[in-house]
Structure formats: structure tokens, C-alpha cells
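*Asks:* Model the full structure from these sequences, guided by the hints.
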Amino acid sequence: MRRFTIYVCAGVLIITCGQRMKAEGLHAVRPLAGYACMMLNLTDAQMRDNSLVVPVYAGPSTTSGRVGNASAIVIAKSPLHIVNGFAEMLFPNGATVWIDAKMLRPYHSESNPTAHCTPSLMSNGKPGLG
Amino acid sequence: MNECIVALFRVAEIRRASIRACGSGIAALVSAVLASGLGLDLCASAFGQVPQSLSGAPVQVQPYVPEPGVPLITITPGALNPFPVGDGTGSGGDGTGNGGDGTGIAADGAGTGGDGNGGGETGSGSVGSSTALSAMLAQPWGTVAVANTQVLGVNASAIAATCVLESGCQNIAAASGSTVSGAFQMTNATYTSDINAALAGNPSLSSQITPGLAGKMDPATEAVAAAQDLKSAATSLQSSGISNPTVLDTRGYYNFGARYGATLAQASDDQNMGSLLPTYSPSQLAANGITPTTTVGQWRQSIIAKIGNAANQPVLSG
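In the order they appear, the protein sequences are chains Z and P.
Here my numbering is used: position 21 in the first sequence is 21, and no number is missing along the way.
Here my numbering is used: position 285 in the second sequence is 285, and no number is missing along the way.
Keep in mind that a hint or two might mislead.
Unchecked claim - Over the 12 angstroms line for every Cβ pair with chain P, so calculated as not near, a few chain Z residues:
(1) Ser78
(2) Leu80
(3) His81
(4) Gly85
Unchecked claim - Rough simulated footprint, nothing fancy, chain Z against chain P, three-plus residues with beta-carbon under 8 angstroms:
(5) 228 to 241
(6) 263 to 270
(7) 279 to 288
In short, the hints are calculated from the structure, not lab data.
All residues carry an ideal CB built from backbone N, CA and C; glycine is no exception.
*Replies:* Spelled out as C-alpha cells, the structure:
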């Protein structure tokens, strides 16, 4: 009976912990080696201009096919891998894409010079910012 | 999880020791419960709670042996909630007295009433049940707004969340010197651009709306423009690699700009907003009600506190 009680309590504990883990928010699981955060080489006003887009491509040329648009902070291959003027980067959906290397600059936060940004594998299984 | 298991075995060891010591079944049970509680606290310290939303009909049991006499019941996603305010009228609840989770803004915004999880609603599929949706459906124009929104392929909960955030779903006139008005608080320019885009893509809507700028003060019409705006935001986020943008993702898009919307959508809860909005100055962050050290999780929770479980629902219903 006592052992049964222990097992019941243990079961409750495991189930409860498991449910809590399912409910937690998006978080970094581990850093992505070989990648670094970089920023788009735009002014603050340009960053917030919804009509201005910075395209990313499937390969290191404009003829390789446009995949989408870059966000403010990108996950670039580190050290930079530049081919034909295009830098390799990781898209939020996990795909390898290419961006005009002139559109990138080192990551730096205006409001917090000591801020860090670590490309990470996120809890949703996709690349993200940890 | 490993920590939980280690803690669990330690709990079991402590429990065994206590059983040997007291030799009483009741005492053993009490000590086990206490130990389990300690274990739960250890686990709880590591995890923040994030409301989980139900999108679409729940998973249905698929019987492989039919039961004689039981009719076959099929749930068709996309049907409107037949009880628009039915889940907001209960008494009790765990909040301020009106109870339930259907009291809309007050329950969601204050964070004290209701459970914020929208339980008990019967909405489905492309409607996407939520407490925000209940708040909008409580308005006389709510049902028409939902129908109009669905034509554009936008989740009605997403548009409801917008009206809850912008105006509490009240049709507010423009202040002096401003053109921002209506339940969705749009400027004349944005409204005109969005309503034209919506009608261009869905000509059948032209017979459902109030034409011209007057439509901005007809919430069911303004909902069409607002839905078009949300659709554009979600589409933009998709082009930035965010596969299924949520209401929360589009709030980042609107609050901080298109490029930052995608950045915030892929950020960890414990990352600082100052780190993710690198071109923002401290004063610009303050203007948005945050500081450089406000975490993404805190910002997300501030939105969730206002719109409840609609926050994590997808914007696009298709």
C-alpha cells in the first residue's frame, strides 16, 4: 500500500511537470554554432518603413529566385560566407538563403551597448534569437 | 525534465525514509503529498505559464466499432458560433463575480476575472474561439463583422483582438486634429487603402459595406479594412519566414515596424527588447511602454493580458 502511494505521487509529479513543460513559452534550446547575429544596414526610419523590403534569395544571385524578405536582425554564417557579393544566412523557417552582403552590418543595440544576441535552435525546432 | 526526474527520485528516497521513521500509513501519505508539492515547486520555478489556445474543433474520437443506435455526428469547421454570448453569462467563475470567460475586455484586461482561456466556447475552424471574439460578438455589429472577416480568410478572433486592443470594441469618434476613429481606430488614409484592397480582392463585399469614408464609422465595414490590414501584416511576416503568424506576431509588426515583427516572432522569451530592437533609442522604447531590459516574455504577457487566448491564434484562417 505504501509503495503504491509512492508510485501514485510519483506519477502525479511526472504528469504535472510534463504539462508545465508543454506550457512554457518560446525559448532557446542551444546555440547554433557557426552563425552570428547581424543587422540590416538600414537607418531606424528605414527599419520601420513597411514599404521598404530587403530581399533574400535561394542562391547567391538575384536570378536564383527570391525567397522572401529579411527581418531587422538576421542569422548570418560566421565567419561571413560571401559568394558573388551575397552572404549566406539562415531564414526563420530554417532554410539557407542569401542576402546582398552590403545590406548587412555588425549587430549593435542603440539602447544597450552590452546587449547580446545568440543565434539559437528554439523550442519550436526553428532557428531564432536567444 | 531530467531535473524533475532527479528531484522525483530524491522525493521518493525522502518519502521512504519518512515511512520507515513513522511507520504510519497516514503519515506516509501526508509526507508523500508534501514531498510531491516540494517537487512541483522546484519544477514550477523554471517554467512560465503561457495560455494555450484551441484553434479549430478539438480532436474527435474516431470509433472503429460503431455503436448501434448512436447517430453519426460530424463537426464542420468554419461554422459560426451559434451561441455568441452564451459562454459569458455564467455565474461564479473564479474572478470578479461575473465569472466565466465570456465577459470580454474586463475579464481579459484586468487579468482577475475569468480564466482567460476561453473554455466552453463552441466556435470552430476559421472562426477560432476566444474571449476577444466573445467581446466582439457581444456588439450588435459583431456577427456581420465576423462574416465579413471570413470572406478575407482572416481568423475572426484576430480581428476581435484588434478591436479589443484598439477601442474595447467601442465605435469611437476621431479626436480633434486626428482622423483615427472607429472600433478599429484607423486613420482615413489606412482605411481607404485597406478597404480598396479588400474590395479589389473580394468584389462581393461591396454590397455588404457602407461606401466611402462613412464606412469607417460602421464597425462591420471598418472590420473589413482592419482584416485586410491584418492579412497584409501576416503575409509580410510569412515572406520573412514566419510560417503561421499569430495575433501576437502581428502586434510586434504593428508596434515596432515590419522588419521587427519577424525578429520578435522568433525571439526567446528571456531576450531583452532592447537587444531585439537595436535601432530604437531608450526614449523610443519608453514611448512604446517598454524599457531596454523589458523581456520579450513580459511584452508578450502584456498583450496576452489584454486579449487572452486570441493572442496565440493564427491570423490567417485558410
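*Asks:* State for each hint whether it applies.
*Replies:* Hints, one by one, checked against the model:
1. Every C-beta of chain P lies more than 12 angstroms from that of Ser78(Z), the closest at about 17 angstroms, which supports listing it as non-interface.
2. At roughly 18 angstroms, the least C-beta separation between Leu80(Z) and chain P is larger than 12 angstroms, which holds for a residue marked as non-interface.
3. Remark: the non-interface label on His81(Z) is consistent with the geometry, its nearest Cβ contact in chain P lying 19 angstroms away (cut-off 12 angstroms).
4. Listed as outside the interface, Gly85(Z) is consistent with that label: its C-beta sits roughly 21 angstroms from the nearest C-beta of chain P, beyond the 12 angstroms cut-off.
5. Note: the segment 228 to 241 of chain P has 5 residues with beta-carbon separation from chain Z under 8 angstroms; the three-residue rule is met and the coverage holds.
6. Counting residues of the segment 263 to 270 of chain P whose CB lies closer than 8 angstroms to any CB of chain Z gives 7, which reaches the minimum of 3, so the coverage claim holds.
7. Using a Cβ-Cβ cut-off of 8 angstroms, 6 residues of the segment 279 to 288 of chain P lie near chain Z, which meets the minimum of three, so the contact claim holds.
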